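Keeping the supplied structure of chain A fixed, place chain B upon it in accordance with the hints.
Sequences listed follow chains A and B, in order.
Using my numbering, the letters of the first sequence map in sequence onto residues 169 to 777.
Using my numbering, the letters of the second sequence map in sequence onto residues 169 to 777.
Hints in this document: simulated from the structure, not taken from any laboratory.
For clarity, every value in this text was computed on a predicted model and none was experimentally measured.
Zero decoy hints are in this set.
Every beta carbon over 10 Å from chain B, so not counted as near; a handful from chain A, in silico:
1) ALA219
2) ALA223
3) THR352
4) ALA384
5) THR531
6) GLY586
7) ASN701
8) GLU706
Computed footprint of chain A on chain B; a stretch qualifies when at least three of its residues, placed anywhere within it, have a C-beta under 8 Å from a C-beta of chain A:
9) 325-336
10) 498-506
11) 748-762
Yeah, the Cβ is synthetic: ideal placement off N, Cα and C, and Gly gets one too.
Protein chains: 2
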Amino acid sequence: MITVTFLPWNKKIEIAEGSNLLQAAALAGVPLESNCGGKGSCGKCKVKLIAGDNAAPTTAESRFLSPEELAAGVVLACQRKIFRDTVVEIETRKSADERKTALRGTPIAAPEPCVKKQFLQLSRPTVEEQTPDLERVLAALPGAHLDIELQVLSRLPRTLRDASFNVTAVVIGNRLIAVEPGDTTGRCYGLAFDIGTTTIMGSLLDLNSGKVVAVAAETNPQRIFGSDVISRIGYASREQGKGLIELQEKVIGAMNAITGKLLAETGVDQNEVYEAVAVGNTTMSHLFLGVDPAYLAPAPFIPAYRRMMELKAEELGLKMNPLGRVVVLPNIAGYVGSDTVGVMLAAGLDQRRDKCLAIDIGTNGEMVLSANGRMLTCSTAAGPAFEGAEISSGMRAAEGAIEAVEISGAAVKLKVIGDAPPRGICGSGLIDAVAGLLTSGLVQPSGRFLDPEKDGASLPAELRKRLRRGREGLEFVLAWGKGGADVVLTQGDLRKVQLAKGAIAAGIKILLKDTGLAPGDLDAVLLAGAFGNYIRKESALIIGLLPPVPLERIKAIGNAAGDGSRMALVSKSFRERAAALPDLVEHVELSTRADFNEEFIKALNFPAV
Amino acid sequence: MITVTFLPWNKKIEIAEGSNLLQAAALAGVPLESNCGGKGSCGKCKVKLIAGDNAAPTTAESRFLSPEELAAGVVLACQRKIFRDTVVEIETRKSADERKTALRGTPIAAPEPCVKKQFLQLSRPTVEEQTPDLERVLAALPGAHLDIELQVLSRLPRTLRDASFNVTAVVIGNRLIAVEPGDTTGRCYGLAFDIGTTTIMGSLLDLNSGKVVAVAAETNPQRIFGSDVISRIGYASREQGKGLIELQEKVIGAMNAITGKLLAETGVDQNEVYEAVAVGNTTMSHLFLGVDPAYLAPAPFIPAYRRMMELKAEELGLKMNPLGRVVVLPNIAGYVGSDTVGVMLAAGLDQRRDKCLAIDIGTNGEMVLSANGRMLTCSTAAGPAFEGAEISSGMRAAEGAIEAVEISGAAVKLKVIGDAPPRGICGSGLIDAVAGLLTSGLVQPSGRFLDPEKDGASLPAELRKRLRRGREGLEFVLAWGKGGADVVLTQGDLRKVQLAKGAIAAGIKILLKDTGLAPGDLDAVLLAGAFGNYIRKESALIIGLLPPVPLERIKAIGNAAGDGSRMALVSKSFRERAAALPDLVEHVELSTRADFNEEFIKALNFPAV
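Bound conformation, chain A alone (with noise of 0.2 Å):
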């Protein structure tokens, strides 16, 4: 056995000799990117050695690191076999979703918990009047028939009569949870989380005023087995379903991290924290559930379950009251989860009276329309360009990542996280770049670059001079590296936002068809998540991700899928809404549409200018 070091955590494991350091940084459950899943194809698993052997550059390794960083001792993990101590460096920046943070201080909804605390002042027994402990306090209770904890009835009589028999009762659904000294009704937690595929985000509300009272996130450890969930239901199968202990293992530590978090940050304790509820696309909440999701990768993509799911806290390890509920909101199919549910509660989309589009777009784009009192969904794989990976300067929305573009004239403006210096693009730069190729006619509607050599003259020497051969054809460069590579888009990273926006395109043309809608039709088109929130709707427009509509119909609503799960948790309403909402809404299955692939190709190209 060998150790391996993580800074910046100075995280120390043993691992036998011979393993490779992807392994090394699983293990010690480090955060480290990696798409490929450890097959050197994707270039993203970069640390820098610190200590140790280094060993001539692999071919992967040639092809996917600059000299410089060559020269700086970075490596790519899954290259790299160890013999001997070693101690790594891994790059971290704060994720963009990080920088968001939800409003405090504003209810999600109405608070109507669904746990119920109350407060009993009970008469002490005598010899004639001889109610045991348990029916004593039940009798004090309103409501039916409770079930009843062990744990809670096995110190039941001590607590009662240390707090001379005046107990505060916790229940939730037909449970008794707890039985707490004295008054306590004023400290009832919960905690509502989105489990993102790349990105967890918690948050803890008080569930008397339903209010946010913290947040915090954390990347999606699983990562590490690949970014996409695809890799994550295949190494759920390994070792006949060690993998999916393990992936399970990896999302709830993550999520404990966050409530530790969250505890830490306010004070709440452990044992006040008596529901969570989460949302999160299929094989997400599978995982998270330890349930096998094997049958949601091949066709006919069919999952484990659909409905809510209600267990106890314990059963999961959930850092909480260890008899509290934890909430799984439903699944609609095998890729339209409970996140896209959260996004149609926090959208209203079972109420509202309107014809409205929402749109949550990350690897997979899931979209539902609510018009005429139908709502239709489907889900159309995007692939992760929008999410800035496979893009040949592609990166996560992160310090240094190009965010917007501005193509004028022979001026190329960029905006840059952090005003660093720009190391790559991440998905709303990408649109708004493509979006500037095409209006300054840079690109075709084809998609192909301008030829430089033919048609060049008529550009301004500026851009002229950004448009160069590189080794997979033309490119446009971005911003000049200095010291580190180009900033480029080549015509193979405009192939893959014509793939991608062409998936999504084509899907929301299916939902508009076989509702008998034009675009026009529309009176709202939401954006959930991240992306949305960060993209140029003109830019979005420009290059035909989003149909025609007029600009003002269009808003970015937020992390909608996670504001989805704090009105579930804040409000029985929105909860029972929610659990309904599967069997409301009709699932469009596209793989079976010969009509869906006609609309792809023809959403292809790019809208005229």
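Using the frame of chain A, we list chain B on its own:
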């Protein structure tokens, strides 16, 4: 640390030097009687020293052990601190309870199991019909919203596909607890337990037929901490509840040993056992559930709970399907437990129209009177005399125990368990002996022996020879010891019998009084339990233990508590009746009744012959 080996099991444990042998036996989990909890005042914890230091007898040993026993190396375990490796032998005999096995092959009640198994032949999902796995199963099951066990859901996708979508769903209450491959409806089992303070009995039942398929018993290993419930309650509060956990582990260990035997004998798999129903006195039920019994002991004798408890098997660690259900029938009061509910169920007290008294005699005597549409119950502290304890020659109903006595003329006829040389006397023999001494005039209604010097002349010489002065006054020799001690009945023993039968008779009197009945109004007097099975009704009437009714109205109903647990296991209707019983029965608390004391004093005397 030194090693102590217990024969005949050859069980070895390590314990700190200076510990005593009773502690070692507790640690080893071997059955060893001890009524005083190690104070040296009961003389029950006899073991034979095979190897190790044999120091001089202590005062307690000199008092309780015969010279022959001392010579043979018998010691009292609680008196012997050990400082080197030691081997001891514990005398084991099958207890009387083990001799009695339930009738097999006869259904206990019309089977109406609470476990529902249903074979499902499901259609496979397709892209056109994407119903998730769980919803596919649920759609084929009747009934309302079911709760789902995560462990079932977790492997459901694979189970369904491995079994080609032909599976058996197992539903208990409103929980889906298993989805088994293929058609397993033919195999469905349950366990019924009667947790006695002294002996635990278990039966395995086929829930499809309602028949008992195997029975087994174990000594309650909690005995090592004292033979009565008060010592156990005391032990439970040791070390902030560690004692409670220890007692719970003991009883569950013994129940699992019973189950192990039942499964081995029948070839039934642990996972095919879906439900267990247990009865026991209130203290035993509390200890089984790990619920603090502390406030049962002092007035006002308050139990932690009364109602029927339902738990998941894995919560208790019972050897059965871990997701199966464990049901503990309800208590009525601190000293009227679910065993009495079992008796009421077996005797049909809630449905019969006659005037009926049911009595379960042990250390406590519990009695229920059903008459004129009312049910009244009380319990009295009879003491352990009728179990052969605290009687100078008393012993449990095991080999060598005198179980029947007939004194006619000058002859004393004995029936000894196992036709062995008499070593002591058990409860049924004791009552016979006292009845014989009363009818032959050797004992007066006041409970005093005839003065042999004054009135002995009227006695046959054979009998007069047996009436002698012992260390503690007059005593009657039932059997002359051959090598061992004589089996005698002392004046002190007679007093203990008077106290025991006085308590029970007074309890019956109070119940009769509260319902306005005379003894002769009773249509039936039912004797529950092992004791009721073995005592001669005539003798019980002679000593005034039972109310004066015609002999034919007295009936032994066997292990009615155990029968009740079996009925509640196999029949939903019986179980519902059991759950309702505590609210239908009036508990009479005797400790507050001045008239109980009067009746008790009146009942101390034996009836005039």
